[in-house]
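Undergrad: Work out the full structure, taking the sequences as your base and the hints as a guide.
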Amino acid sequence: MTERSVTHATFTIERSYDSPPAKVFKAFADPAIKRRWFVEGEGWEVEEFTADFKVGGQERSRFRFRGGTPICNDTAYHDIVPNERIIFAYTMTIGENRISASLATVEFKPEGRGTMLLFTEQGAFLDGLDQVEGRKGGWGELLDALGRSLQS
Amino acid sequence: MSARSAVHGTFALERVYDAAPARVFKAWADPAIKARWFVAPADWLQLERSMDFRIGGTERLRGRKGSGIVSTFDSVYHDIVPDQRIIYSYDMHLDERHISVSLATVELKAEGAGTRVVITEQGAFLDGYDDGGSRERGTRILLDQLGGALRG
Chain A
3 MTERSVTHAT
13 FTIERSYDSP
23 PAKVFKAFAD
33 PAIKRRWFVE
43 GEGWEVEEFT
53 ADFKVGGQER
63 SRFRFRGGTP
73 ICNDTAYHDI
83 VPNERIIFAY
93 TMTIGENRIS
103 ASLATVEFKP
113 EGRGTMLLFT
123 EQGAFLDGLD
133 QVEGRKGGWG
143 ELLDALGRSL
153 QS
Chain B
2 MSARSAVHGT
12 FALERVYDAA
22 PARVFKAWAD
32 PAIKARWFVA
42 PADWLQLERS
52 MDFRIGGTER
62 LRGRKGSGIV
72 STFDSVYHDI
82 VPDQRIIYSY
92 DMHLDERHIS
102 VSLATVELKA
112 EGAGTRVVIT
122 EQGAFLDGYD
132 DGGSRERGTR
142 ILLDQLGGAL
152 RG
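So the protein sequences, as listed, match chains A and B.
Quick note: the first sequence, position 35, residue 37 per this note's numbering, numbers continuous.
Quick note: the second sequence, position 128, residue 129 per this note's numbering, numbers continuous.
Be aware that one or more of the hints could be misleading.
Stated by the list, open to error - A short list of chain A residues far from chain B (calculated; beta carbon distances all over 10 Å): (1) 17; (2) 42; (3) 47; (4) 55; (5) 91.
As the list claims (entries may be wrong) - Derived, one-sided and incomplete: chain A residues facing chain B with beta-carbon distance under 7 Å: (6) 6; (7) 10; (8) 11; (9) 93; (10) 97; (11) 101; (12) 122.
It is worth saying that the hints were derived from the structure and are not from the lab.
C-beta atoms are modelled at their ideal positions from N, C-alpha and C, and glycine is treated no differently.
TA: Given below as structure tokens:
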């Protein structure tokens, strides 16, 4: 039987992009664009990516890294203010084990002609299966990938 | 246009109940039992209550306060471990105003013949809404009412 535990932690990440808020927001809102920076990547096999970007809508992505154990992200959208803010809750599951449940706030603020993105995650890391340090690193890489997709 | 903002905060509350974890869990899981304690103060008229207690399921509680303001609680369940843990995220609206999004973790731990309940809320309060500690006070009242329902 799994020993149950929960570790709560919060982190923030800031990124500045040269693109205006409307373009950065669209990279979250448009499933075809989001798929490119959020789930695709060398060595990753995307088994499912379905997104319903609206308040109350859900998103699911399922992927594996080089044939490994399937990883699932299940997202529920709580708040959407076009070009300004997105708040969603999501869980991460590896195989049969839910490793976290989190609330994420993404704020988009104009900065010159570009955008300052502020990402805040309030997480519950479950049963010793995940830690906040790794999650923060993972989102840092995703937001870098987002930056590259904005340039292409 | 209102100025957009998100203020993040966390609180945790603990209670020990003289009832086994299975019974405390049922008070969260069974809609008829939950309706006995998950209620607002007396000067409140219930307008709508629904609950689908499963992962991905939603819950709604809507009512009119004595002031005439309609409050709406909309929740989605992310993690359910029978007799041990429930995690949900929820929105609060006052009339049409979206005041907060929160992630709530409810942990149940056997303690002697009873149960220790730890509820942790990680919240984002929106667009200048000043909670002023009322969410934590409200949660304390709910946990007291849960104790009453377990004794009754």
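Undergrad: Compare the structure with each hint and give your call.
TA: Hint check results:
Against the 10 Å criterion, residue 17 of chain A stays outside the reach of chain B, whose nearest CB is about 17 Å from its own CB. Every Cβ of chain B is farther than 10 Å from the Cβ of residue 42 of chain A; the closest lies at roughly 25 Å, confirming the non-interface assignment. At roughly 24 Å from the closest C-beta of chain B, the C-beta of residue 47 of chain A stays outside 10 Å, upholding its exclusion from the interface. With a closest Cβ-Cβ approach of about 16 Å to chain B, residue 55 of chain A is found to remain outside the 10 Å limit, as its non-interface label requires.
Not every beta carbon of chain B lies more than 10 Å from that of residue 91 of chain A, the smallest distance being close to 4 Å; the non-interface claim is violated. With a cut of 7 Å, the hint placing residue 6 of chain A at the interface with chain B holds, because the nearest CB-to-CB distance is about 5 Å. Taking 7 Å as the C-beta contact cut-off toward chain B, the hint placing residue 10 of chain A at the interface holds, the least distance being around 5 Å. At about 9 Å, the closest approach between the beta carbon of residue 11 of chain A and any beta carbon in chain B exceeds 7 Å, and the interface hint on this residue is violated.
Evaluation of the residue 93 of chain A hint against chain B yields a held restraint, the C-beta minimum of about 5 Å falling below 7 Å. About 15 Å separates the beta-carbon of residue 97 of chain A from the nearest beta-carbon of chain B, more than 7 Å, and the hint is not met. Residue-level restraint check for residue 101 of chain A is violated (minimum Cβ-Cβ distance to chain B is 10 Å; threshold 7 Å). With a cut of 7 Å, the hint placing residue 122 of chain A at the interface with chain B holds, because the nearest CB-to-CB distance is about 6 Å.
This entry does not satisfy hints 5, 8, 10, 11, going by the numbered hints stated previously.
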